[in-house]
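Enquirer: Okay, here's what each chain looks like letter by letter:
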Amino acid sequence: MTLTDQPPTGAPVPEPPPAARAVDLVKTYGAHDAVVRALDGVNVEFERGRFTAVMGPSGSGKSTLMHCMAGLDTPTSGHAFIGEQEIGLLDDAGLTQLRRDRVGFVFQSFNLVPTLTAAENITLPADLAGRKVDREWFDYLVGQLGIADRLSHRPNEMSGGQQQRAACARALIGRPDLIFADEPTGNLDSNSSSEMLAFLRRSVTEFHQSIVMVTHDARGAAYADRVVFLADGNVVDELVGPTADSVLERMKQLGS
Amino acid sequence: MGRVTLKGLLAHKLRLALTAVAIVLGVTFISGTLVLTDTLHATFTTLFGHAYQNVDFEVRGKAAFTDNSGGGGGAVRKPVPDSILTTVRQIPGVAYAAGTVTGYAQFVAPDGKAITTGGAPTIGLSFDPNPELSALRVVSGHGPTAGNQVAMDAGTATKYHFHVGDRVRVLLIGPPQTFTISGIVTFGSADNLAGATLAAFDLGTAQQILGTPGHFEAIDILTRSGTDKAQVQRAIARTLPSGVEVVTGQTVADEATTSINQALSFFSTALLVFAFISLFVGGFTIFNTFSIIVGQRTRELALLRIVGASRRQVFRSVLIEALLLGLVASLVGLGLGVLAALGLEALLKGFGITLPTGPLVFASRTVIAALAVGIGVTVMSAIGPARRAVRIPPVAALADYRSDQAESSRRRIVIGSVVAVMGIAALIVGLTRPAIQLVGIGAVAVFLGIGMLAPVVARPMSSVIGRPLARLLGIPGRLGRENSMRSPRRTAQTSSALMVGLALVSTIAVFGASLSKSATSSVDEAVSADYIITGSNAGAGGFSASVAAAAAGIPGVSAASTVYNGEFEVQRSLATLTAVSTRRLSETVILRMDAGTGAPALAAGQLLIDSTTATTKHLVVGSVVPVKFAQTGVSTMRVGGIFKPNALLGSYLVGDGFFLAHFDRPLPVAVLLHTGGSTGATTRAVNAGLSAYPNLKIQTRTEFQKSQQAQVNQLLGLVYALLALAVLIALIGIVNTLMLSVFERTHEIGLLRAVGMKRRQVRSMIRSESVILSLFGAVIGVVVGTALGVAFASSLKQQGITDLVVPVGSLVVFVVLAGLLGLAAASWPARRAARLDVLAAIAAD
Chain Y
0 MTLTDQPPTG APVPEPPPAA RAVDLVKTYG AHDAVVRALD GVNVEFERGR FTAVMGPSGS
60 GKSTLMHCMA GLDTPTSGHA FIGEQEIGLL DDAGLTQLRR DRVGFVFQSF NLVPTLTAAE
120 NITLPADLAG RKVDREWFDY LVGQLGIADR LSHRPNEMSG GQQQRAACAR ALIGRPDLIF
180 ADEPTGNLDS NSSSEMLAFL RRSVTEFHQS IVMVTHDARG AAYADRVVFL ADGNVVDELV
240 GPTADSVLER MKQLGS
Chain C
0 MGRVTLKGLL AHKLRLALTA VAIVLGVTFI SGTLVLTDTL HATFTTLFGH AYQNVDFEVR
60 GKAAFTDNSG GGGGAVRKPV PDSILTTVRQ IPGVAYAAGT VTGYAQFVAP DGKAITTGGA
120 PTIGLSFDPN PELSALRVVS GHGPTAGNQV AMDAGTATKY HFHVGDRVRV LLIGPPQTFT
180 ISGIVTFGSA DNLAGATLAA FDLGTAQQIL GTPGHFEAID ILTRSGTDKA QVQRAIARTL
240 PSGVEVVTGQ TVADEATTSI NQALSFFSTA LLVFAFISLF VGGFTIFNTF SIIVGQRTRE
300 LALLRIVGAS RRQVFRSVLI EALLLGLVAS LVGLGLGVLA ALGLEALLKG FGITLPTGPL
360 VFASRTVIAA LAVGIGVTVM SAIGPARRAV RIPPVAALAD YRSDQAESSR RRIVIGSVVA
420 VMGIAALIVG LTRPAIQLVG IGAVAVFLGI GMLAPVVARP MSSVIGRPLA RLLGIPGRLG
480 RENSMRSPRR TAQTSSALMV GLALVSTIAV FGASLSKSAT SSVDEAVSAD YIITGSNAGA
540 GGFSASVAAA AAGIPGVSAA STVYNGEFEV QRSLATLTAV STRRLSETVI LRMDAGTGAP
600 ALAAGQLLID STTATTKHLV VGSVVPVKFA QTGVSTMRVG GIFKPNALLG SYLVGDGFFL
660 AHFDRPLPVA VLLHTGGSTG ATTRAVNAGL SAYPNLKIQT RTEFQKSQQA QVNQLLGLVY
720 ALLALAVLIA LIGIVNTLML SVFERTHEIG LLRAVGMKRR QVRSMIRSES VILSLFGAVI
780 GVVVGTALGV AFASSLKQQG ITDLVVPVGS LVVFVVLAGL LGLAAASWPA RRAARLDVLA
840 AIAAD
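Protein chains in written order, with numbering that gives the first Met the number 0: chain Y, 0 to 255; chain C, 0 to 844.
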């Protein structure tokens, strides 16, 4: 189900804007003779309160898309929006504010500041912004993620799965409009992966958190509400209500 | 964010400590100097305050010259006739008045050697029996009451085991005399006056042997209690002839304190200059360390940016790290500085300079200066790296991010060139003007500019320097060379501190070699005498005026000329006047005339000037210049000749007849003897003939030249010792960088070990890199320093540095030493690298 498919209701209720969208997004790398078009005019929307997976083969531009939409990288042309805010119009201070208030991140690795404890890492965005941490929410998150007994540990004293869960808690603590997760389970064993993905799933279902996750793992994509497929810098397909099998099926088709 | 900074600091205690050492040493130097000079200042203020605390007024000759900047120990004054004392005593309100006399008097130790003080004067003075007036306190025996008695300072008495009743020989302006010690005295509460020896005589004797009979140097006055002091002062002033003044005791104490403080401030300025050099070099190592730290923390800083840190927060975090580091280092330095001051004080005592005991003065200014300078240097040095940290984009946190710095290096070359050129311009202007501050600023700018430009040549130079190492050591040497080449910027930054250190050392080496050569050649060019006799108490006090007469009577001595120095005013500015004997002048002194005549002009009482003075003052032979003497007042002199500049002769020269007519009992600075060659026999004859004067240093011309060179070398040794601190800081910088490099390359070193590199080879790889870094800095430093030294030495040509010498041998030794020091600096990092656990190193992220 996508926003465009929504049946019209009686009164003209203004549609809530998507959590993020890209309009004709182009990103090229390299100089004149060796130009690589990592994004070739991408148009895509990520709905609010949904879990969207972005898939595609290596070099399809899925990470570049995420970086451009999160304001970490500047697109060559086109527009990227978080909510109704066009991020291309923001200066560095504006982007910093955006990252503080409206976006959360989980990466494949190196999510945590090595010198800080897990608890300090989780509250870092709030500390940086000079905000008070919602203690109840904090306790709930660390409880749910099973890292309550790891809070005073440094990252090098935690397992990979615990580190990723702490990163999740940090992304969620500020209740951002949108969480970008870049291969969050890429370095994890299958058990830790499943726990992590289940938690992301629950946070969408229970707290209406919006999540965009880049992955190359079909089983991981199956936790999402919708899968967007990218190839050669373009959206080539999408799948609503995916299962591992249906995702694999699509990937095979794309790969051929 | 503050927590991130703090935790980051605490997580790297070793790095913190190594970086802090540079600042700690510099601040120790500064605070030690300030504490010591403040303490000395307070001590002398108290000392003179006590000495004059009861003296209400002093009557003395007015300062002879308007310009009193030159000379040691204040204004030159004419003595007052003792008839004034009678007049003053009759003025109502005056309770007590007594004349005072001071002059030259040097004790002879029981072993027959003259007692020297290592620079402090040997003072003879009149003893006043009124304890209220006198600064001297009798601690045993009694004051001198007869012409054959002397009171000795407790310092000398203790050191040489003199007791009341002993007989002691005393060297005077006139022939030496023997006295009986009537008592032991202290100056106020101190055993002696800052290392000077004190010989106190009764007033009449003092007038005869120290001063001018019938005259006092000053008259000290006590008023009756309850009188209006200002009124008494006015009454005294009314009775005084012109040229004589009455001032308060407080004024005299203040003047004495001021003149001591001027000497102290010269001393403290010199020490502070070296402290700042150390801190400047320390600044380079801090800059380098922070650059590396920011580089290593790129991902972490980018991650902070991603989770919402603003640019300002990142900038601030780096600066706060520097601030905390600077604060801790400065506090440690401050504490060590107090210990250093205690150490220096002990050292001075070891040299025989006994200071009156007083508590250490720890002024708030010391704390403020130490903290401000220590923190300031650290924070300023971290600004560059902090700006680089700010430019790290958030995407840098992602594993595949690669940055490219081509543009910033172009900008650095432009800025570096501009700074270096401006520095050179400032140096040239500063040296020609001359303006010493401008020279300092210029040198700093040159060093900064060259530090910025060094990365350009770092790659090719490391390649060249490393080639022999690579050939010698095989793979480890080649890897060391590659490591030093792969980051030219870091190589240059790391070695820049050593560059500055060695540049300064080389500057001093060139300057010193030129000075030493000039000293030798100025003796050759100005002295034809075979023997040069000077006082053995270097720099302070002279010897008896009767030496020349005694020497002239020695068989084989064909000419004996006494050389005097004195202050006079010429064309309204203070200058030093040198006098030589006009009889048989050419046998003792060589005058190379540019114009006019030499000996005849001197004999005619005319003034000779050197060509530099002639040029700057626009004087020619026949010019008549206004002069002023303390004793005889205003007059004019005719310029009779112009001679080629020579450091020994000075700028103004007169005959001894003229000199003695205008100066009151001057002390000789040297006696020149002509013997027609110096053989062992003549040397024995001269020594025997002058055995009554144990305070003489009798040297042949060659010996004199050697001792002149030795003096230069002694000074150089001191400067080298002070600069060694800067070099030490530079080396600590290299240790620090290597440690950081080893840490950074853990994975790589693990890999090398895994494929079969031996521990020994790992060590030799790290050592090679260190040697290359050190040699790179040393070579650039020596080149820059030589250029600076040549510039300094040439600019002082008119001041007597006539020869320019580049001591190639010493400079090569410096480079070799730098290489060896580099080897030493590598030992710890190399050991650490060799000890890495192979498995853990490979597993490390």
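It cannot be assumed that every hint is accurate.
[What the hints assert, rightly or not] Not close to chain Y: a few residues of chain C, all C-beta gaps over 12 Å, as computed: (1) Leu5; (2) Ser309; (3) Glu586; (4) Thr699.
[Said to hold, decoys possible] Only part of the chain Y face toward chain C is listed, based on derived beta-carbon distances under 10 Å: (5) Val22; (6) Gly70; (7) Gly87; (8) Asp91; (9) Glu119; (10) Asn120; (11) Leu123; (12) Gly173; (13) Asp176; (14) Thr204; (15) Phe206; (16) Asp244.
Keep in mind that the hints were calculated from the coordinates and are not lab data.
Glycine residues also receive a C-beta, built at the ideal position from the N, C-alpha and C atoms.
Enquirer: Could you run down the list of hints and mark each one as holding or not?
Expert: Status of the hints after comparison with the structure:
Not every beta carbon of chain Y lies more than 12 Å from that of Leu5(C), the smallest distance being close to 9 Å; the non-interface claim is violated. The Cβ of Ser309(C) does not lie farther than 12 Å from every Cβ of chain Y; its closest approach is about 4 Å, which violates its non-interface assignment. Its beta-carbon lying about 82 Å from the closest one in chain Y, Glu586(C) satisfies the requirement of being farther than 12 Å from that chain. Residue placement check: Thr699(C) keeps its beta carbon more than 12 Å from all beta carbons of chain Y (closest about 71 Å).
Violation of the interface hint for Val22(Y) is found here, the shortest Cβ-Cβ separation to chain C being roughly 22 Å, above the 10 Å cut-off. For Gly70(Y), the interface hint holds, since its Cβ comes within 10 Å of a Cβ in chain C; the closest pair sits about 8 Å apart. At about 15 Å, the closest approach between the beta carbon of Gly87(Y) and any beta carbon in chain C exceeds 10 Å, and the interface hint on this residue is violated. The closest approach between the C-beta of Asp91(Y) and any C-beta of chain C is roughly 6 Å, which is under the 10 Å cut-off, so the hint is satisfied.
Hint on Glu119(Y) holds. Least Cβ distance to chain C is approximately 6 Å, under the 10 Å limit. Using the Cβ-Cβ criterion of 10 Å, the hint placing Asn120(Y) at the interface with chain C is satisfied: the shortest such distance is roughly 9 Å. For Leu123(Y), the interface hint holds, since its Cβ comes within 10 Å of a Cβ in chain C; the closest pair sits about 5 Å apart. Satisfaction of the interface hint for Gly173(Y) is found here, the shortest Cβ-Cβ separation to chain C being roughly 8 Å, below the 10 Å cut-off.
A distance limit of 10 Å between C-beta atoms decides the matter here; for Asp176(Y) the minimum to chain C is near 14 Å, and the interface restraint is violated. Given the 10 Å rule on beta carbons, the hint for Thr204(Y) is violated: about 25 Å separates it from the nearest Cβ of chain C. Violation of the interface hint for Phe206(Y) is found here, the shortest Cβ-Cβ separation to chain C being roughly 20 Å, above the 10 Å cut-off. With a cut of 10 Å, the hint placing Asp244(Y) at the interface with chain C is violated, because the nearest CB-to-CB distance is about 31 Å.
Hint compliance for this structure: hints 1, 2, 5, 7, 13, 14, 15, 16 are not met, and every other hint is.
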